[in-house]
Structure formats: structure tokens, C-alpha cells
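J.: Given chain A's structure and the hints, the job is docking chain B with the ligands onto it.
The listed protein sequences derive, respectively, from chains A and B. FYI, in the working numbering the residues of the first sequence are 1 to 428. FYI, in the working numbering the residues of the second sequence are 1 to 360.
This list has only true hints and no planted wrong ones.
Pulled a few chain B residues facing chain A out of the computed Cβ check, cut under 7 Å:
#, residue
1, F56
2, D77
3, P79
4, I80
5, T81
6, T332
7, P335
8, L338
Below, in silico cross-link-like pairs of lysine-lysine (BS3-like), each with a Cα-Cα straight-line distance of 27 Å or less:
#, chain 1, residue 1, chain 2, residue 2
9, A, K372, A, K179
10, B, K287, B, K233
11, B, K358, A, K408
12, A, K408, B, K355
13, A, K179, A, K380
14, A, K428, A, K380
Here are some chain B residues the structure puts well away from chain A; computed CB gaps all over 10 Å:
#, residue
15, R209
16, P218
17, E261
It is worth saying that the hints were derived from the structure and are not from the lab. If you're wondering where the values come from, they're calculated on a predicted model, not measured in any experiment. Where a beta carbon is used, it is the ideal one built from N, C-alpha and C, also for glycine.
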Amino acid sequence: MASEHPRANLPPLSLHVPEPRFRPGDPVDFAAVDVPAAGSARRPDTATPAGEFHELAYTLVRVLDDDGQAVGPWDPKLSPDMLRRMLRSMVQLRAFDERMFRAQRQGKTSFYMKALGEEAVAIAAAYALDRDDMCFPSYRQQGLLIARGYPLVEMMNQIYSNSGDKLGGKQLPIMYSAKDFGFFSISGNLTTQYPQAVGWAMASAAQGDTRIAATWCGEGSTAEGDFHSACTFAAVYRAPVVLNVVNNQWAISSFSGFAGAEATTFAARAVGYGIAGLRVDGNDALAVYAATQWAAERARTNQGPTLIEHFTYRAEGHSTSDDPTQYRSAGEPNAWPLGDPVRRLKDHLIAVGEWDEERHAAQDKEVAEEVKAAQKEAEKNGILGHGLHQPLDSLFDGVFEEMPWHLKEQRQQMLDEETASGRPWARK
Amino acid sequence: MGAQVTEVSDVDTIETAAVETDTVRMNMIQAINSALDVMMARDATVTVMGEDVGYFGGVFRATAGLQGKYGKTRVFDTPITEIGIIGVAIGMGAYGLRPVPEIQFADYIYPALDQLVSEAARLRYRSAGEFTAPITVRSPYGGGIFGGQTHSQSPEGIFTHVSGIKTVIPSTPYDAKGLLIAAIEDNDPVLFLEPKRIYNGPFNGYWDRPAENWSKHPGGAVPSGYYRVELGKAQVVRPGEALTILAYGTMVHVCRAVVEEAGVDAEIVDLRTLVPLDIETIEASVKKTGRCMIVHEATRTGGFGAELSALVQERCFYHLEAPIERVTGFDTPYPHSLEWAYFPGPVRIGQALEKIMKDV
Ligand SMILES: Cc1ncc(C[n+]2csc(CCOP(=O)(O)OP(=O)(O)O)c2C)c(N)n1
Ligand SMILES: [Mg+2]
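Excised from the complex, chain A in its bound form (with noise of 0.2 Å):
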């Protein structure tokens, strides 16, 4: 077909794929990621309409200098107890974290997952919102519930789906469920929890409540039809949640790059839905708490959602399924330039006086005592065993509230097998 609009002298198209700056092997540069001074972001009152700070969406909030100081207008201005308590949890997550992931390398279960790296993420904005507010999480998102003090037995029980584990050894593990802590139940499918959080908060705000909704994705599930759905509902509801985009630079093997950060950032979306966005060091533990607080604090007020954007980097593997090392550099975990969220919470403490390096060390010892102690209690209800420790009639129980007939004669065939099978399971 020709064309009526000449082109003869336009080059052809070509099609763009975007590419990470490193790759295994590379030597790690990370000078191109803009980094602004801490206490350079302004501060507007939380009563702001959405359209009138769309600078924050594309720089970063940090609180944290270099020297450990909280500076600037996001400082949340924590007592150091408050301080020490987000220490301390972030400090658990991680020495919970490299026990389970150990417990799967040793065989005890099938599957696990770190945040390591990105431990300020979960634990600050827990500390930032109400204990009755409701987290919709995904799976990187464990530390809400040590912070929220869930027991870490429990957690483990779950992990090693044993005869302990309150959902019955029914799902993957880490995929929790704990309502009691306003913890919704994980899926394994990326980004659902997300108009899921904006239909709760929807439904608190319609029946006059004053508690609001938290959810949290990774960047590379903002790609997800569900995101923008939850965002364009959030918007027009003005309902009071906060969006959270965990930026931790990777999905799987597939940097950033393939969900749009090439262009713009994540915080960005927000100005597009005409809804309030931030964009925050995910290291920096006060800022994370800052602008959670700020956000919550407009969803209660009827200021509607927030989208913040964490900046962060997933210093491990995607789980205990890839290794990272045939995807990125090796040498990217220790480049980049945010730093390591213990180490910077830490210091601050160090830096106002309210923390030394013994005390530190010591929490460290205590803190590893304990998770090893939930352990070894949680593997007293046993570790995954193919099925050994969950009753075998537990199988057909939740697929309904009752029980229709066609489940009832599979169940009673199941039963016959095992009686066949001459290998007799737990019963209930």
C-alpha cells in the first residue's frame, strides 16, 4: 500500500528492548543513579491536594544523611525507643530470614524468600500505621508481622507446613494468612492483593470507619492489569489506602527497566491517576516511616490514596529457585548506593547517642537466639514431610463453608486409597 505522506528518507523503525546496565561479569558503576541530599525534599502539609507537590514523584524523600543525622522536613522525629524497637525488628526479619532460607537449603522445606535489603520497607510502615489498619502484602512483605509481633513460630510453622501450621499446610510457604494482625492471605498471584486493599478501604470509608488500608507490589508487578484497576478505583473512591511500589530494582531475572523505568519512575503513576505520589529511599527507615505516616494521615483525613514509590535494591536472589548471579552483576548488592537499612538505622542511633556498637552486637546474639530457640520449637509440630503431619482429611476442608456431596464421596475414596495403600496418614 503506498503511503500519501512520503517517507522515502526516514530511517526504519526499530523495535527497543530495554537492557540493564549490568550484567554478570560487568564491573558495577551505579554513578548514574541520582541520589538527592537528604532533607532536599520539601514537605507539604498533608491537606495538599494531589496535583500541587507532582515533583515528589520523581525525586527522593530521605531523612538519613550520610553521617547518620535525621535531617529536613520528613523527619518523623521518633523517640529513640521507638527507634530502637524499628532496629530490633528489622534486626529479627533478618536473622529470620537467613535461618529459613537455611532450613530450605537443608532440605526441611520446599521454598522461601528473603527481603534482605529491603527489611526498612516492611517494618517502618508498620511501625508508621495503626495496629488495627490492614495490610494486603505480597510475599516480600513478612516483616509486617514481626513487626506487628507475630510469633515467629507461628511463621515458621507455616514455613515448614507442619502440624502447627494454622492454615493447615494448604499453601506455599511464606504465603501467610493472619487476621488477627491485619494481615491479609498472600497469593501467589502478583498484584491481585491491590484493588483487593482499595476494595477494603473503599468499604471502610462507606461505613463511616476510621481505619484505612495498606498494600504493598514489587515494580515489576506494576505491569499487572490489577495495579491500574486499583489505582483508577482509588482515585475515583478517593479511598483511603495507601499504594505501595516496592522498587527493589529486580523481578526475577528482569530489571526495572521492563516496568517502565526507563521513562519515569514508579511514583509517577500516581500523577497520571491524579492521585498522590512520593517517591522514597527504601533504606532510609525514617523515611519510609515519614512517608507512611503523612500518607496514612491523609487517607484518614478523606485526602484519598497514595502511591509511594520505595526505592530499594533485593540484595539476594529472587528466592531460593534462581541464582542471581546468571542474571546481574555480583558486584551490584555491595554498590548500591542507598546502603544497607540495618546499618543506616544503626548508625543513626550510634550518631544521636542512643545506641553503641556492643549493644548492637549484643541484640545481634540475643536476636539470633531467639529464632534459632522459635525453631527449634517449630520443628517439634515437624518439618514438610509429604504431607505426614497435616491430618489427611484436612484436604477437602475450605474448599466450602459446607461440604457438598461430590467432595464428601471424594474424600471417602481418599480414605479407601490410603486404607489400600497399606501407608496410613494422620487422621483428625
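T.: Relative to the frame of chain A, chain B with the ligands by itself:
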């Protein structure tokens, strides 16, 4: 099949359209990789896309090495949006490419449902053939790997219910390669479900016995070049007289192990393509044996087994000497720890076998 393969057993009757002489040992992942490689080399419009399929080569390594060989515009990572992946593949198909999108796990195909069901499956019909969707959607499916609810499902029945999509499920590396090539060459949308439990070796259904690999199985001998296994053609993988077993994917191997152990002379028909179904092979077998057992891992109610059962009843009723038996997964979500209680393993199949043979 190539002359250097000598360990072909009597129970295997692989028919082959191979034009190559060179036959090598492959597992199912390597066979799929080889099919993609062969097709990308033959046809510059074949384009591979999906989450983590590019540099990394896929979470199961099925696309390993392809980006390096064919470049980033023909093998590329995608944003994590399954509906986007399928929609974009349809658009590329409309341009004239032959996309082979991967959905990382079949459990993640649901977000893509609208583009598959309302678009890919309907394009030819609604545009009077002006537009078609010559896409092949690859996706690992099935359980037995402790993947929990969202890494274990068998959703084939959802798609066999949709008119306009072909559904293909291989059970050996040989079939996987030949069927995938035929699927890519097909001008209609094909859902190509890969039984991931048998990626590395056939599975007899006993989770506590040592894992096997493909090195001794006749289906692990794979021509290195181009060949097709035609869509819509089942294969009798074990001829027999006592009853007919209809199965596909992993369950073909489990069934074979069970009947060998039970000493029952079953005829096992590996369907290979669910839609369009090879009804002639099924009919001929059931009319010969007079008994029919249907085995799949997917949940029971409304599963593909129900369709098979109806067809056999409609067409072979006067030849049947016993009620048709269906052996399936239970109607629950796929559990994590009780996976082997869920799985339609040797005991469940064995009991059905006893039942269907009891009047003999
Ligand atoms: C609907 C769906 N598609 C694909 C997957 C497979 N998958 C699991 S995690 C993941 C990467 C997610 O990356 P990101 O959103 O950045 O979160 P992160 O893992 O970095 O925390 C993918 C592709 C899935 N679980 N669900
Ligand atoms: Mg990520």
C-alpha cells in the same frame, strides 16, 4: 527415528515425520528449546516473548541461549502482565509475525483470559479470516513439585471449553518438540501445556521412589532438526486388549507404570492434542477393548475427562462392557503438603482398574 537409537522398547511406537538423521538424547526442556531454535532458524517471523525468557532463558531454562542467537527483537523479556503478553502477541500476529509467548506458569494464565478467549480464539471467525492469531502460548502446568496452589494447576479444561483454541499436551521430549513445531506452524492459536513434572524424566507416580530421567526412555531420543508431530493425532503408546486408558501428559507415564505392575493388558492412548481430538483412535480402541478409563490430574467436575466420557458413551455405548471410569485430581485447590494425597497416583488408578475389570 534415527538409526543410532537402539533402546526403543517394544511398547513404544513413535511414528515419525523426521527428515533429519541426527538423533540425540534430550530431556523435555531441551526438546522444547530445540523446537524453538529450529523454528526461529527456519522462519524469521517466529518471535519468543515472556517473563524472564530473554537473557535468563526462562525460569525453567526452556528459552536458554535463544536471545544470544537470534537477538533481542526476536527473543525478549516482557513486563509482568499476562494479558499484555497475549494481547501483544495477537497484535504481532496481526502484523504477520508468528509469536510464541510463554506464560511462566499455567497458574498465571488467568489474567490473560480475556485476550485468549475473546480475542485469540475469535479473531478468525469474527473477521471472516481477515485477521488470525497464529500464536502458540507455551506454559508449564501440573503438580508434583511441591509448588502449592499457584504452581501446580492443570487448567486445560478451561481452554478446551473455548471454541477456537487448540490445546496440546506432550508426554515425551520427542512429542514435545514435534508437536511444538507443528503448533508454531499452525495458523490458529494453540495452547501448548508442558507437564513440568516430567521435564526431567518420566514419572511413575511414586513420589518416594528415585526420580528417573529421559536417558533410557525411547521418547527421550529426539531428532536434532526439523520434524513435526501432527496436531490432532493421538498415539497408542501401549497396545492392549483388556481396556482402553485415555490419558495425556504426566499421567500417561503413571498409567503405564500402574498397568505394567498390575499385569493388566491395557491399551494406553496418549491423546497429545485435546482439541481437536483424535476421535478415530479413541473410538477404534474402545470398540476393540470394550472398556474405557480416563485419567487426568486436573480437577474432576467439568474437567476434560467429562467430555471424553460423553464422547465415548455417545459413540461406543453398544461396545461398552463396564461403566466408563474417570480418575482425576480431587475437586479442591492444589494443596501444598498433601500434594500426594491429591495427586491421582497409582493407588487411585489401581482401584479404578480393579473396578472396571471386576466382571472379566
Ligand atoms: C500473575 C503472576 N505472573 C507471574 C508470576 C511469577 N512471578 C512471581 S514473582 C515474579 C517477579 C515479581 O517481581 P516484583 O514485582 O518486582 O517483586 P519482587 O519479587 O522484586 O519483590 C514473577 C514474575 C506470578 N507469581 N503471578
Ligand atoms: Mg522487584
